[in-house]
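A.B. asks: Sequence:
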Amino acid sequence: MSQEGRKLFLLDAMALIYRAYYALNKNPRITSKGLNTSAILGFANALYDVIRNEKPTHIGVAFDTHAPTVRHEDFSAYKANREAMPEDISTAIPYIMQLIRGFNIPILAVDGYEADDVIGTLAKQAENKGFTVYMMTPDKDFGQLVSDNILQYKPGKPGEDPVIMGVKEVCEKFGVKRPDQVIDMLGLWGDASDNIPGIPGVGEVTARNLLKDFDNVENLIENAEKIDKAGLREKVKTFGQQALMSKQLATIILDVPLTFEEDALKLTPPDINKLQTLFEEIEFRTFAKRVFTDLEKGSPPAGKQAADLFAAAGEPLETIATLSNIDQVPHVYHLADTPEKRKVLVTHLGKSGMFCFDTETTGLDANNVELVGMSFATRPGEAWFVPVPDRYSEAVEIVKEFAGVFADETIGKTGQNMKYDISVLKWYEINVNGSLFDTMIAHYLIEPDMRHNMDFLARTYLNYEPVSIESLIGKKGKNQLSMRSVDPEKLKEYACEDADITLQLRIALEPQLAETDTRALFDEIEMPLVKVLAAMEAEGVKIDSGNLNQFSEQLEKEIAEVEKEIYLLAGEEFNIASPKQLGEIIFDKMQLSDNPKQTKTKQHSTSEDVLQKLINKHPIVQQILDYRSLTKLKSTYVDTLPLLVNPRTGRIHTSYNQAVASTGRLSSNNPNLQNIPIRTERGREIRKAFVPRNDKFVLLSADYSQIELRLIAHISGDEAMQEAFRHGIDIHTATAARIYNIDISEVTKEMRRNAKTVNFGIIYGISAFGLSERLNIPRREAAEIISQYFERFAGIKRYMDEIITFAREHGYVETIKKRRRYLRDINSGNAIVRGFAERNAINAPIQGSSADMIKIAMISIQREFERLKLKSRMIMQVHDELVFDVHQDEVETVKPVIERLMKSAIELSIPVEVEMSTGSNWLEAH
DNA sequence: TACCTCACG
DNA sequence: ACGTACGTGAGGTAG
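For the first sequence, the numbering used here begins at 1 and goes up steadily by one.
Keep in mind that the hints are not guaranteed to be accurate.
Stated by the list, open to error - In silico BS3-like pairs for lysine-lysine, Cα to Cα no more than 25 Å straight-line:
{"#": "1", "residue 1": "Lys602", "residue 2": "Lys617"}
{"#": "2", "residue 1": "Lys226", "residue 2": "Lys400"}
{"#": "3", "residue 1": "Lys903", "residue 2": "Lys531"}
{"#": "4", "residue 1": "Lys266", "residue 2": "Lys55"}
Said to hold, decoys possible - Just the calculated beta-carbon pair ranges, DEER-fashion:
{"#": "5", "residue 1": "Val891", "residue 2": "Glu470", "range": "49 to 59 Å"}
{"#": "6", "residue 1": "Val332", "residue 2": "Tyr22", "range": "35 to 45 Å"}
{"#": "7", "residue 1": "Lys632", "residue 2": "Glu510", "range": "24 to 34 Å"}
{"#": "8", "residue 1": "Arg285", "residue 2": "Lys589", "range": "54 to 64 Å"}
{"#": "9", "residue 1": "Leu254", "residue 2": "Pro619", "range": "47 to 57 Å"}
Derived from the structure by calculation, the hints contain no laboratory data. All C-beta atoms, glycine included, are put in the ideal place defined by N, C-alpha and C.
Work out the full structure: start from the sequences and follow the hints.
C.D. replies: As structure tokens, this is what we get:
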């Protein structure tokens, strides 16, 4: 082999592992034993891709060691900002080492040095021996080492190509003349992730300009006088030494005591036995198949001869597990595009007992799309596609051929995110009846805090990769095609596959509902709720846009005034909406606080609680807070809501997501109607714009009073709290009397306010620190209050301890209606992570039971409204509140119905109170 | 796209 | 000795 052909790959293990973990862990991979293998798989794929595609002749993987490094000794803050390594990663590392050993690749590590230094040192030595070296890492710092023979190889994101950075690319990226200036850039600019400070206020652009004039940091400091801009000159003078130190920190060490030994790094065939044992343990079936099939085919790493590999493989390949894959199941997908074919299909569906269906549409907004087609499946491997024409009147006629089977109560329906299909079909005069099975929601109950989209479910449960929507209509953006323009044959394959897969998912998921004891919750609450939500969304809510537009103009003026005032007080103009710039102004320039809180990325925090504490330091603070609240109102609500009025209905239609919140709550988006302002005077103006459909109607709001505290009183059985609720005493006053050990009549406003904060804290899983922050009192006092609380409400304390114990034993907690939340970190060795899990253990049953309760109420109210054939409609849900658009003549009918059904949704051992009132807008209805 | 901030319960 | 209250969605900036 020629000298030129020698290719050395040096992998930066930890950087690659982190990257792999965060890229994959959105859909975490967890083995049957509960091991999170996201990091392992991500790294394995990256490693294997490189071996296969780049065919290195030599390879090594560099790790950091636990010993403190030279840099720590120099500068103690270095990397101090780093968060603790996620447990999923630390547990993965031993497996990743096994994997590397399985591939017969040496692991490189030297005490006292970082992986960067090891890579740098070896890269230089190898270069001298005539190798082309690829440093495989996403870390931009490596740019400093790049030369003609040393390149940086940045692995691509899933589905994207890797990027190779040579001298030219590095210089372009950093805007410098030579790669070695990268460290000067980093020295001036800083690097948040490594806690390298740089010069405050100097960003990428300034750093680049300085280097253009002064070449390097040392020279810059020496010639600081020559800087034109006065402000910058001062900064450089003040922080010059810090920049120099930053540069040193960013410099990769090239004289680590180790020698590049060619033979040790030579790529050799993998150790099949080791790999197979590992793959079995971590349940890597697909990856194993890929590796071993390649070996079998002799698509050899590094151009090795296939014979070599077979010799190394040792044992027969039949032992490798084969995968079930629906691609291998023969399937038949039909096109039902004539009246005759449709009639046959309808008859078939009518006799089926249950069918799975899916709709294809021109967009994502169920209340503003056109139907392009429908697909149906009745057994795995067979499906039908019914194209729906462009013209609405024709479309309705065709779709209505299916009205009978859709409406048939005796035919069950299966789908993925059925609320969407049901909503779309409403526009085509279709009513969907019969028992529903929504695979998305089934999975939501089985694994509440994972994702539930079909592609993920298909991969996880069927080991199948569905045809992507992108392959039909392209990536989203202005060039995306319409569903209408897709070739019918292709669309048929895609649509039928969706129905087919969904049906198979039902088969996979149904037993798991039973296993997790969530079948009743599914059948009696979640599935009936799907149609209730579809109805509410279709109803929508009327908005008074004129009112909002007027308000917008008023806000505009106020913002302009505040803005002017802020610039005046600051002595310069800047972007107030940029937390970065704002932080520099009030902390660096104006020095309003010497101890500003830092955000994750080393910036000064400018969040409200921080500013609130500085409010007496300078008048600019209040102005900033005003500016923030004004712009928030304007951009998020006042200017946005009128744009979301649906042209078909003249109303706003939110979408309630039933499979997002891991506690069981709903969430609302497009727009979010669950966070409309109410707490401030100006914010309340927005609620005035939510109005009844016409002057014959009023809005009625009904909300549960203190439902979460009532639930904890009920669940815990705490006598003291139950007694307070039974006597109808204001719960926060009662709490104050108890913790301050005084009579109810002696409770002051402040005591009540404190008690209220404590009560909230209880629901969230209180900590002394959290309480002291919120009450702005010393931690000792907060601790004292908490201990008083637990003494006086011993039942609550007992509940908290018991629920944590339960979680430790079972790995999950559950609500009154058996909704589960799994807490995988509850037995973690990491106190911080465990703390989160413990607070979730306390909160989830309460927040979740409250969600169970209002969901039940919504279903029964909807049923009762239908039974009574009322004109009034339920139109919104805000966690503990229901909003109705009520016909004037029905107000007195509807009130007792709502009250009774909300109160009786779940029977508690204490009274449940519901507050109701009506008005000509949402604010008045409160 | 990630982060920060802030609106609600 | 660690950092900290639970659950969401959305808009802006900056990379």
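A.B. asks: Taking 49 to 59 Å as the stated bounds, is the beta-carbon spacing between Val891 and Glu470 within them?
C.D. replies: About 51 Å separates the Cβ atoms of Val891 and Glu470, which means 49 to 59 Å holds.
A.B. asks: Does the structure keep Lys903 and Lys531 at a Cα separation of 25 Å or less?
C.D. replies: The hint holds at about 22 Å.
A.B. asks: So the hint says 35 to 45 Å: do the beta-carbon atoms of Val332 and Tyr22 match that?
C.D. replies: holds (41 Å)
A.B. asks: Take the C-alpha atoms of Lys266 and Lys55, compute the straight-line distance between them, and say whether it is at most 25 Å.
C.D. replies: holds (12 Å)
A.B. asks: When you take the CB atoms of Arg285 and Lys589, is the distance between them in 54 to 64 Å?
C.D. replies: holds (59 Å)
A.B. asks: Does the Cβ distance between Leu254 and Pro619 fall inside 47 to 57 Å?
C.D. replies: holds (54 Å)
A.B. asks: For a C-alpha distance cap of 25 Å, please report whether Lys226 and Lys400 respect it.
C.D. replies: violated (80 Å)
A.B. asks: Honestly, do Lys632 and Glu510 meet the 24 to 34 Å range at C-beta?
C.D. replies: violated (45 Å)
A.B. asks: Measure nothing beyond the straight line between the CA atoms of Lys602 and Lys617; if it is 25 Å or shorter, mark the hint as holding.
C.D. replies: Holds. Lys602 to Lys617 sits at ~23 Å (cutoff 25 Å).
Hints 2 and 7 from the earlier list are contradicted by this structure; the remaining hints agree with it.
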